[in-house]
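S.K.: Residues per chain are reported as follows:
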Amino acid sequence: MIAALRVFLLLLGPKARGLRTQRPFRLVFFGALGLGCCLGIYLVSAWFLGRCLEVELIGALIPRKLMSLVLLVLLSILLISTTISSFAVFFMSEDLGLLSVSPVQLGPLYFARLLEMTLHSSWMVVFFGLPVFVAYGTVYGASFSYYLGVLLLFPGLILIPACAGAVIATGLTRIFSARRSRDLLVFLVVVAFVFLYLLMRAMKPEQLLDADSFGSMMDFLNIFRAPETSFLPTRWMTDALFPLLLGEPAQVLLPAAAIWTTAAALAALSAWICTGLYRGAFARAQEGRVRRLPGPNGAHPRERLLGSWLDRLARLLPGCSGPLLSKDTRIFLRDTGQWLQLLLLGALATVYIMNFIYLRAADFSWFTLYTVNHILMGLVVSGIAVRFVFPAVSLEGRAFWIVRTAPLALGEFLHGKLLIHLVPLAGLAVALSILSCAVIGVPLVFGVLSLTLILALAVGVCSLGVGLGAVFPRFDAENPAKIPTGLGGVTFMTASLSFVFLFIAASVYPTYVLYRAPERLGNPLGHPWWFSFSLAALVSLAVACAWVPMWLGNRRLEKREG
Amino acid sequence: MIVIEKLTKRFGKFEAVSNLSLAVRPGEVFGFLGPNGAGKTTTMKIMVGLMRPTSGRVTIGGFDVGREPIAAKRLIGYVPDRPFLYEKLSGREFLLFVAGLYTTERRAAARRADELLELFELGRWSGELIESYSHGMKQRLTMASALLHHPRVVVVDEPMVGLDPRGAALVKTIFINFCHLGGGTVFLSTHTLEVAEELCDRVAIINQGRVVAQGDMQQIRDQAGGLAGGQGAGLQDLFLRLTGGADVTAMLKGFRV
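In order, the protein sequences belong to chains P and G.
Each position in the first sequence, counted from 1, maps to that position plus 588 in this note's numbering.
Each position in the second sequence, counted from 1, maps to that position plus 18 in this note's numbering.
These aren't lab readings, by the way, just hints derived from the structure by calculation.
Here a beta-carbon is modelled for each residue, glycine too, at the ideal position from N, C-alpha and C.
Incorrect hints may have been included.
[Unchecked claim] Covered stretches of chain P, as calculated for chain G (at least 3 residues, CB under 8 angstroms): (1) 914-920; (2) 983-996; (3) 1074-1083.
[To be verified] Straight-line alpha carbon distances no greater than 27 angstroms define the calculated DSSO-like cross-link-like pairs of lysine-lysine that follow: (4) K1147(P) / K24(G); (5) K31(G) / K1147(P); (6) K1070(P) / K106(G); (7) K1070(P) / K1147(P).
With the hints as constraints, model all of the structure from the sequences given.
M.R.: Dropping the structure here:
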């Protein structure tokens, strides 16, 4: 037992030492940002719970239902994230080759990896979930025992989906292979997420704050309907925490015991299953993914058709943009984790347009909706750019030497990346602009103006994405989804959102002048200085955002060595 | 064809390459030998434009790599020590992408890519994704990509790592033909001294960033002649004497594995 514990601690050692090498500035920056978010979540939760308790008759019921819902959401997220992390930690981690040939017992290896995977995939959920529970404590004026209960019960609750995730990942890998299983799982998760997202939006949760808008009490309560089976760990957690909130600790023991005994039993059971299946699953995971059988030109007919279209398109583009387009598109379409996000994009666009249909029904002037629409479109463009444009340079990965040793100026490479990302981004922005303007019902001239603004905005955001992506490259990132999560991603989002707000703010006055022009034929410009200043600000911002980040990115890449 | 003049590269206080000068003629296979950390890879990365020197310069075919990088890179094919490639492309697609970066005409590039895939015995696998290739196959594909644009100089870092004997023999033949029949130049670093002895017309031995000996085998023996047993020794003995490895050899005699 002691030998097993020593192996367990030895395996965790390198990971713990890895944490110490983090740069202090980065830790302080992200720490402050995270604490700010936590504070925001706490304040919003406390305000919302306070408002709920003020509701007559049913006020006391809502927080309990809400806690059950929040826990269910957290547990679902944890189950998904621990399953996906399990593929990486148990089967795709680089040190597994070394460990598999060393005489390490599977038991300690499993528990060390389970702990690492649980911490890795749950810290964010806990970090952003705990403020909600602290808010409960504050609103109910709970004693110390409630906070102690939260701290003691949360690890047990987290362990349950983590063990389940490890078993699912091991079982799937034993049958398929780590990559195929992960692709399949990511696909199912994305489809489920899109479905839930559309469903949630259709429920119009903003109505919760206005109980009068419901036909009856039952309609209102139906909104909170969540699976209420007594076999769900989230139900045990609610049953354990609520007595503590209300100062009735005697009722805590049974649900608390249910959580920890289930967690312990699942840990033992999952260890038994996973260690039993591990050797076979690990061997399966090592199998290369041979996608196509040899044939004429080596390609599948569907791929040949796509390839011929891509090549035709690539020939139309100048310089290195053609080869880059051909390569990046193929890589994008062959990476399930990447192209599946297009589904999310589709859902986002649908919800966006649906929102304007709801807003149009409200009593807003079209000019107000028109201005808000530009800000929201800017946010959508920035959100898409941080996921798809910012990682463009980093996605070259360790193969970037190929571009660096080619007879190609890095500026040309960056402009190639800009061009191939700008076209789809601007296309989406234009589609959103046309659809939303049609839904709002703006006059044609304002529709054309909206298109011009959104195109300039897309160029600025895309340049920021490619340029800052080159300033903060992460060529060693194995998972593309992690590229925007660092300091560079935060810098890009800050810069991009600032650009969007400043650009739209500068556009408001000239647009307003056009809006009021029919009423002010004698003095259509209103304040000519304001008008000139706004136009100059618009042009300067657009030019600066299109040029400066690309210049900075080019300079940084040229200075980069290795 | 390749001229390295007083090349120095420092990383902070550490001098990886120190005042290194070399000249390689057209049609020559030049071996660059040295122990781990001697500065071989750093020198080669400066030659192909992946690093900038602290001082000194490298010219390829008369073009200064620092001042005219595009012109110099047109003449170079580079094979790094680790073949990091685009894993989600097939072998053929990868070669066509590289050809696009060198602005080779598409039909000619496709013909050349197919020829090279056959030459490096990858034709059967040309439609498979690179992620399913073995290390040796990736290494051969990288070599094919280095020869795709008809370079005049090929810079190869550890060409034989990961290759089986058949692959190694193939690569040796290709390099010899490229230089002796095609008039190209190969600049290769290797730890496999038999490869250097068999393949290279001339070699340079580098230790701690400095060239300690250079020339053909006879010249190396002459330069090592001052050291005990220098004359008549094989390249391995000369290498160990020139790089201080002889001490390690003596120490190993008393070490039981």
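S.K.: Decide, hint by hint, whether the structure agrees.
M.R.: Here's how the hints hold up against the structure:
As drawn, the segment 914-920 of chain P meets chain G at 4 residues by the rule of a beta-carbon pair under 8 angstroms; at three or more, the given contact holds. Coverage of a stretch by a chain is defined here by at least three residues with a beta carbon nearer than 8 angstroms to that chain's beta carbons; for the segment 983-996 of chain P and chain G the count is 11, and the condition holds. Taking a C-beta to C-beta cut-off of 8 angstroms, the segment 1074-1083 of chain P contributes 0 residues in contact with chain G, too few for the three needed, and the coverage statement is violated. With a CA separation close to 22 angstroms, the supplied pair K1147(P) and K24(G) stays within the 27 angstroms bound.
With a C-alpha separation of about 19 angstroms, the suggested pair K31(G) and K1147(P) falls inside the 27 angstroms cut-off, and the hint holds. Proximity of K1070(P) to K106(G) is assessed by CA-CA distance (about 19 angstroms); at most 27 angstroms being required, the pair is judged to hold. Restraint check for K1070(P) and K1147(P): the C-alpha separation of about 24 angstroms stays at or below 27 angstroms, so the hint holds.
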